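Visitor: Using the sequences and the hints given, assemble the complete structure.
Residue numbers 1274 to 1453, in our numbering, belong to the letters of the sequence shown in order.
Keep in mind that the hints were calculated from the coordinates and are not lab data. Small disclaimer: the values here were computed from a predicted structure and weren't measured. Check before you lean on any hint, since a few could be wrong.
Derived DEER-like restraints, expressed as beta-carbon distance ranges [claimed, not checked]:
| id | residue 1 | residue 2 | range |
| --- | --- | --- | --- |
| 1 | E1374 | Q1435 | 36 to 44 Å |
| 2 | S1371 | D1391 | 25 to 33 Å |
| 3 | P1444 | R1409 | 48 to 56 Å |
For glycine and all other residues, C-beta sits at the position ideal for the given N, C-alpha and C.
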Amino acid sequence: MVKCGEPRVLVAYGSKNGSTAEIAERIGDVLSKAGCATAVCPAREAADDVAAYDAVVLGGALYSGHWHRDARRFARRAATALGARPLWLFSSGPLDASAGERDIPPVRGVRRVADRLDVCGHITFGGRLDEHARGRLARTIVHAGRGGDFRDFARITGWAEQIARELLAAPSGAERREGE
1274 MVKCGEPRVL VAYGSKNGST AEIAERIGDV LSKAGCATAV CPAREAADDV AAYDAVVLGG
1334 ALYSGHWHRD ARRFARRAAT ALGARPLWLF SSGPLDASAG ERDIPPVRGV RRVADRLDVC
1394 GHITFGGRLD EHARGRLART IVHAGRGGDF RDFARITGWA EQIARELLAA PSGAERREGE
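Guide: Right, here's the structure in full:
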């Protein structure tokens, strides 16, 4: 049950091997514990549901410099609804410690979404690639010894907590609609 004034947040993601899905689940858990009514689901299943939420967090895995197809398609299909509410974006993918050492700017496709929809923020998290990865290129990377888990869950948690603080400090969805 959603409590009055509790921001409703959709966390949608595009993930091939599950790493980005796990990041989205962590973000959803943090938002829920902070007092947001949160739903986490694959982006390919969520485009029709955006209007039911006060805010959206959208993430996608990075593959060869491209944001996951499901995240891109979701942003395109739901652009009108996404543009009418707070939206945060995240990417996951660098298979090294770089995402924790410096701010990695969004890839071109994510930058286009961010510019078109006036997002509240974007962040890139490290990725994970292990021996269970699907795809020939992924398996080649793992067999070459360049796989591993480079996600920083403390950083992910901190980012989600910041989103929660911003949402909880803002007027509720009902209050926003009454004031318009």
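Visitor: Of the numbered hints stated previously, which ones are contradicted by the structure, given in increasing order?
Guide: Of the numbered hints given earlier, the structure breaks just one, which is hint 1.
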